[in-house]
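Engineer: Whenever a hint applies, use it, and build me the whole structure from the sequences.
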Amino acid sequence: MFQFIARRLMLLLPVMLGVVLVTFMIVRLIPGDPCVTMLGERATPAKCEAFLDRYGLNDNIGVQFVRYLQNLIKGDFGDSIRFTRPVTTLIAERLPLTMELTLLAMIFSTTVGVLLGVISALKRNTFIDTITMIIANIGVSMPVFWLGLLLAYLFALTLKGTPLSLPPSGRFSAGLSPIDLAKFWGLENLSGLKFFLVELMSNTVLVNVIITHDWKLFWDALRHLILPAVAVGTIPMAIIARMTRSSLLEVVGLDYIRAARAKGMVERRVIGKHAMRNAMIPIVTIIGIETGGLLSGAVLTETVFNLPGFGTGLVAAILARDYPVVQGFTLVIAVIFVLVNLVVDISYAYLDPRIRLE
Amino acid sequence: MSVTPATQTRDTILEVKNLKTYFFTEDGVVKAVDGVDFSVKAGEVLGLVGESGCGKSVSSFSILRLVGVPGKIVEGEIFFEGQDILKLSKDEMVKMRGDRISMIFQQPQSSLNPVFRVGEQVAEVLELHKGIKKKEAWARAVELLTLVGIPDPKKKAYAYPHELSGGQAQRVIIAMALALSPKLLIADEPTTALDVTIQAQILDLINELREKTDTAVILITHDLGIIAETADRVAVMYAGEIVEFANVEPIFEKPLHPYTQGLIGSIPVLGNVVARLEVIPGLVPNLIDLPPGCRFEPRCLLRQKYGLEVCARREPELVEVTKNHKVRCWLYTDSDEHSAPLKVE
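In order, the protein sequences belong to chains F and P.
Counting with the working numbering, you get residues 1 to 358 for the letters of the first sequence.
Counting with the working numbering, you get residues 1 to 345 for the letters of the second sequence.
These aren't lab readings, by the way, just hints derived from the structure by calculation.
Heads up, the beta-carbon is just placed ideally off N, CA and C, and yes, glycines get one too.
Careful, some of the hints might be misleading.
Cβ-to-Cβ under 10 Å is the rule here; a few derived chain P residues that face chain F [unchecked claim]:
no.: 1; residue: PHE61
no.: 2; residue: LEU64
no.: 3; residue: LYS95
no.: 4; residue: SER102
no.: 5; residue: HIS129
no.: 6; residue: TYR160
no.: 7; residue: ALA177
no.: 8; residue: LEU194
no.: 9; residue: ILE198
no.: 10; residue: ASP223
Computed Cβ-Cβ distance ranges for the label pairs, DEER-style [to be verified]:
no.: 11; chain 1: F; residue 1: ARG354; chain 2: P; residue 2: ARG276; range: 43 to 49 Å
no.: 12; chain 1: P; residue 1: ARG314; chain 2: F; residue 2: ILE138; range: 56 to 62 Å
no.: 13; chain 1: P; residue 1: SER89; chain 2: F; residue 2: LYS273; range: 20 to 26 Å
no.: 14; chain 1: F; residue 1: ILE346; chain 2: P; residue 2: LYS95; range: 48 to 54 Å
no.: 15; chain 1: F; residue 1: LYS273; chain 2: P; residue 2: LYS17; range: 45 to 51 Å
no.: 16; chain 1: F; residue 1: SER141; chain 2: P; residue 2: GLU75; range: 55 to 61 Å
no.: 17; chain 1: P; residue 1: LEU290; chain 2: F; residue 2: SER246; range: 50 to 56 Å
no.: 18; chain 1: P; residue 1: GLY131; chain 2: F; residue 2: SER141; range: 47 to 53 Å
no.: 19; chain 1: P; residue 1: SER89; chain 2: F; residue 2: SER141; range: 40 to 46 Å
no.: 20; chain 1: F; residue 1: HIS213; chain 2: P; residue 2: ASP91; range: 47 to 53 Å
no.: 21; chain 1: P; residue 1: LYS95; chain 2: F; residue 2: LEU176; range: 56 to 62 Å
Structural biologist: What follows is the structure in structure tokens.
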């Protein structure tokens with residue numbers, strides 16, 4: 001098992017190298033150059049030259065790539081052209097929000113999706129089944145931004161003033177913000193990886209407020225995340241519901257389920273223990289794929305709900321031809337994707353003993 | 001196996017009366033089991049024989065009330081130890097299954113849940129019905145695995161089903177089925193999926209355990225060899241009905257129903273060189289659209305030989321023509337429009 005995990009983590013290296021290479025090339029293939037986007041249409045050639053020199057963009061592309069790799073190994077992702085700040089800092093600022101959003105969305109889509117799927121399968125071909133699957137189909141076909149706007153309209157406008165009202169935008173209510181963990185712990189002079197990790201944790205609000213025991217802020221931050229999480233989690237929820245239904249229906253017709261009933265088991269145990277454990281395998285696959293998709297696909301939701309997340313950051317960087325940021329962000333998404341897949345593979349082995357991890 | 005007088009005086013523990021299990025499909029009502037009567041006595045082996053699709057398995061699932069949608073038991077009574085189990089509540093039925101009535105299945109490998117250790121699956125029956133603790137149940141499960149002849153049971157209890165051979169898997173299932181010494185064991189084609197040598201071992205095992213615990217066995221099979229070797233009494237099923245019901249010897253020595261005769265005639269006999277084995281012409285009727293008269297009539301050679309008209313129009317009843325030998329055939333029973341051409345002394 002540990003060998004398997006170690007080997008898979010080693011495999012991350014070639015994957016990362018490939019991702020770096022491809023994004024490095026692709027961002028440079030996008031028409032338009034950073035000079036024009038940054039300095040404007042009327043920048044003189046001399047100014048442009050100086051600008052490109054400063055960021056090393058005049059060098060041979062091979063030289064640039066090797067230099068970038070060398071820096072990467074040292075943990076230096078370069079500086080953002082637009083913000084003149086380290087890319088790592090931008091990651092530490094923007095990644096946590098998207099992770100929290102993804103996590104909440106997955107909790108929502110998994111619990112609701114599996115629940116709907118199980119209900120639907122158990123009540124197959126009844127009215128309840130039809131209703132549940134209609135909900136699932138609407139969920140799949142609902143564009144995220146549209147659903148986001150509808151939710152915002154319903155919960156922020158129509159239900160305003162009721163206990164059900166939820167904030168439609170931003171991360172906190174006005175006047176609230178979390179304490180920086182570095183300050184909280186009195187670690188002012190951190191640098192490098194430690195600084196990055198503390199910043200990352202500090203910006204993960206739901207973790208931060210637990211560490212600092214700021215429960216008021218916890219609820220506030222959580223409430224701000226509910227609508228976006230539901231919006232972004234609806235499509236996965238619907239897909240998971242449909243997958244759960246078909247997977248469970250397939251399993252329920254198998255011999256060992258009848259055998260389980262013949263052993264004198266109540267139906268709840270037959271389904272909950274014997275059928276679900278087998279039905280979970282395809283469901284876990286879907287959950288894994290969807291989680292990966294959410295990380296990069298949260299752009300629309302982040303835009304609708306005005307959240308400064310990873311997706312919006314990446315899009316802005318692409319538009320500004322902010323090469324280092326695009327490369328850095330893409331790399332992070334790739335790594336997370338691979339890690340999620342690793343978790344999925346490990347859970348396969350846990351769920352199904354016939355799958356041996358070697 | 002011979003019928004000892006003892007088996008005949010024993011208590012009847014299961015009595016199935018006029019059981020009808022239909023499947024309501026989009027194409028029509030499939031009368032899978034259509035008015036079946038039989039009984040089983042304690043400690044005896046009742047063989048249920050017939051071709052695929054004749055209703056053997058559905059009958060047995062009906063006894064456990066495990067007929068799935070779109071199937072439904074539409075009529076009949078099933079008395080188990082004097083109690084009509086079709087009238088039991090769901091919870092009472094759940095308690096009955098695996099405890100007093102248990103079942104062995106055709107495909108041992110696929111009847112075990114692939115994601116749980118076999119020891120756990122055997123122990124589960126004990127936990128469910130005895131309410132004993134996990135550890136204790138596990139220890140008992142290992143004992144049961146020893147009893148059914150699993151080699152190295154302590155280690156094998158930790159195995160997953162895919163790590164066992166077909167024969168071992170069937171032994172595990174038998175261990176599970178016999179864990180609580182049931183009064184009735186339903187074995188649905190228990191050896192069909194196994195090699196011939198393993199078949200014999202499994203049958204011996206069932207027999208041995210039956211003798212030890214006095215469990216009644218309903219042995220469902222299409223293999224007449226197994227019936228001849230194992231069963232005390234035999235019910236021959238055809239198209240959802242029992243067509244002949246007798247002790248095992250008369251069935252093989254003097255089969256009455258033309259279908260039974262055909263079945264027995266189609267067994268190859270070692271050393272008996274014949275050019276061709278006998279076959280029963282035609283196919284099993286469609287259970288949605290049954291012939292109006294005797295269900296075997298379209299395939300019956302004797303009916304043609306004796307030129308009986310009644311067969312195509314009226315269904316015969318299952319009638320006791322000699323002691324303990326029932327048959328559903330106009331050849332042996334008079335009607336108001338014909339007199340039976342064959343008589344049995």
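Engineer: Run the structure past the numbered hints and jot down the numbers of the failing ones, going up.
Structural biologist: Checked against the structure, the hints that fail are numbers 8, 9, 10, 14, 15, 16, 17, while the rest are satisfied.
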